[in-house]
Amino acid sequence: MSYPGNTAAARGLALCHVCHRLDPAELHECSRCGSALHLRKADSLQRALALLFTAVILYIPANVLPIMTTLQLGKGEPSTILGGVVLLIKLGSYPIAGVIFIASVMVPIAKLIALFYLVWNGYRSEPASPAQCTQIYRLTELIGKWSMVDVFVVAILVALIHLTGLLVILPGPAAVAFAGVVVSTMLAANSFDTRLIWDRIKDNND
Amino acid sequence: MSGSQHITHTACEECDLLIDVPEIQEGERALCPRCGHTLTQRPRQGFERALAFAIAGCVFFVIALAYPFLTLSSGGIENVMTLPEASIAIYREQDPILAVIVFVCIIALPIALLATVIALVTPLVLQRRAQWLPRLGKLMFKLNEWAMVEVFVIGTIVSLVKIAKLAKVELGLSFLAYILFAVCLTAAISGLDRMQVWKEIEAASA
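If you read the sequences in order, they're chains A and B. The end of the first sequence is residue 206 by my numbering, with every number in the run present. The end of the second sequence is residue 1206 by my numbering, with every number in the run present.
Simulated from the structure, these hints should not be mistaken for laboratory data. Where hints are given, some of them may not hold.
In silico SDA-like cross-links for lysine to any residue, where the CA-CA straight-line distance does not exceed 25 Å [as the list claims (entries may be wrong)]:
#: 1; chain 1: B; residue 1: K1142; chain 2: B; residue 2: A1056
#: 2; chain 1: A; residue 1: K41; chain 2: B; residue 2: Q1196
#: 3; chain 1: B; residue 1: K1142; chain 2: B; residue 2: K1165
#: 4; chain 1: B; residue 1: K1138; chain 2: A; residue 2: G34
#: 5; chain 1: A; residue 1: K41; chain 2: A; residue 2: L142
#: 6; chain 1: B; residue 1: K1138; chain 2: A; residue 2: R32
#: 7; chain 1: A; residue 1: K41; chain 2: B; residue 2: P1033
#: 8; chain 1: A; residue 1: K41; chain 2: A; residue 2: S129
#: 9; chain 1: A; residue 1: K75; chain 2: B; residue 2: A1164
#: 10; chain 1: B; residue 1: K1138; chain 2: A; residue 2: H28
#: 11; chain 1: B; residue 1: K1142; chain 2: B; residue 2: G1036
#: 12; chain 1: B; residue 1: K1165; chain 2: A; residue 2: P95
Which chain B residues face chain A? A few, computed with CB under 10 Å, are given here [as the list claims (entries may be wrong)]:
#: 13; residue: H1006
#: 14; residue: D1016
#: 15; residue: E1028
#: 16; residue: G1036
#: 17; residue: L1126
#: 18; residue: Q1127
#: 19; residue: R1129
If the Cβ cut is set under 7 Å, some of the chain B residues that face chain A in the computed set are [said to hold, decoys possible]:
#: 20; residue: L1018
#: 21; residue: A1086
#: 22; residue: D1095
#: 23; residue: V1100
#: 24; residue: V1102
#: 25; residue: V1153
#: 26; residue: K1165
#: 27; residue: Q1196
No residue lacks a Cβ here, since even glycine has one placed at the ideal position from N, Cα and C.
Using the sequences and the hints given, assemble the complete structure.
This is the structure in structure tokens:
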């Protein structure tokens, strides 16, 4: 693999991903903080892809199974993520329905599509504009954790309603699956190396 | 502008462009000329500010743990929920994985992050030398990726709306303290720039 002439990698220099010190890659360990040195994140695209497929698989139970069950006077009423949004709309809480719809439905799908697009561009020999890809990457990093909102809502409702007796809320299997989706897409974003896309820029000096 | 001895040879984290970053003044930031990534910035009195907010955050966190988070009253029954119960109740409902995820994201990890900030920044502000600073620096930047305090605050507000139709819910002192804790944590972290922190760590641990 050859790198464009104006990059650190072309001179055999690797930026420590923990402390951002620039060291010769052949040291293998950062001379300041001792972290492992790599010119590019190890197996970046394969790892990101594996984690993305994990997220896609977990996304199915996360949406099909109930995220929580409301037991009222012994009668159970399971509700899915989308069901929860519909309920909020029926209750007239449009802003909150919007928050949950964006955080639990739109953000995970947008993140999956964005990361698949980035990994695909990492594999292509002539990727889309690196600047644009970097922007997309920054956006996925920024919105990464916000999908956890629904999981926390379940946690609070379960704890709060727990002892009242008349009404019981139980966590459903979708909650843990959904947390898995969020965690694996965050890990996938962490493993993706944006520099792989910049590496494909043709170097004028070559 | 300072002399050549103050120039830091580095590479952009996102596009690997080799860059010589000059010493920057408080309030300034250095951007990558190719992809626009923030290479480094020096918030005004960043370290002192980080320490002050971290200590304040610890105080708020103790209050958040000790006092009622939410109180629910329905038909004469009152249920007081504390912050740890968001996780404990789920554990009791046979969902240990979800319980651990919630506990880690909203309690364990944020307080570990604050403690690390204090342990790291105190010697730097007091200009004391310590061999263990690089290890703390690595820990701090790793923990920061996974703290979700602000997401939990939004989750609480969503829960309130969801229950509002079923029962009367009162916000406890702990809820206010947790919001302030989240604000302090964010403010503390925003005062700490990776390049500046590691420069100081290097000087204090050599």
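Status of the hints after comparison with the structure:
no.	hint	result
1	B:K1142 <-> B:A1056	holds, 22 Å
2	A:K41 <-> B:Q1196	holds, 23 Å
3	B:K1142 <-> B:K1165	violated, 41 Å
4	B:K1138 <-> A:G34	holds, 9 Å
5	A:K41 <-> A:L142	holds, 20 Å
6	B:K1138 <-> A:R32	holds, 11 Å
7	A:K41 <-> B:P1033	holds, 22 Å
8	A:K41 <-> A:S129	holds, 21 Å
9	A:K75 <-> B:A1164	holds, 20 Å
10	B:K1138 <-> A:H28	holds, 17 Å
11	B:K1142 <-> B:G1036	holds, 23 Å
12	B:K1165 <-> A:P95	holds, 16 Å
13	H1006	violated, 16 Å
14	D1016	holds, 4 Å
15	E1028	violated, 17 Å
16	G1036	holds, 8 Å
17	L1126	violated, 21 Å
18	Q1127	violated, 19 Å
19	R1129	violated, 15 Å
20	L1018	holds, 5 Å
21	A1086	holds, 4 Å
22	D1095	holds, 5 Å
23	V1100	violated, 10 Å
24	V1102	holds, 5 Å
25	V1153	violated, 9 Å
26	K1165	holds, 6 Å
27	Q1196	violated, 10 Å
Taken one by one, the earlier hints fail for this structure at numbers 3, 13, 15, 17, 18, 19, 23, 25, 27, listed in ascending order.
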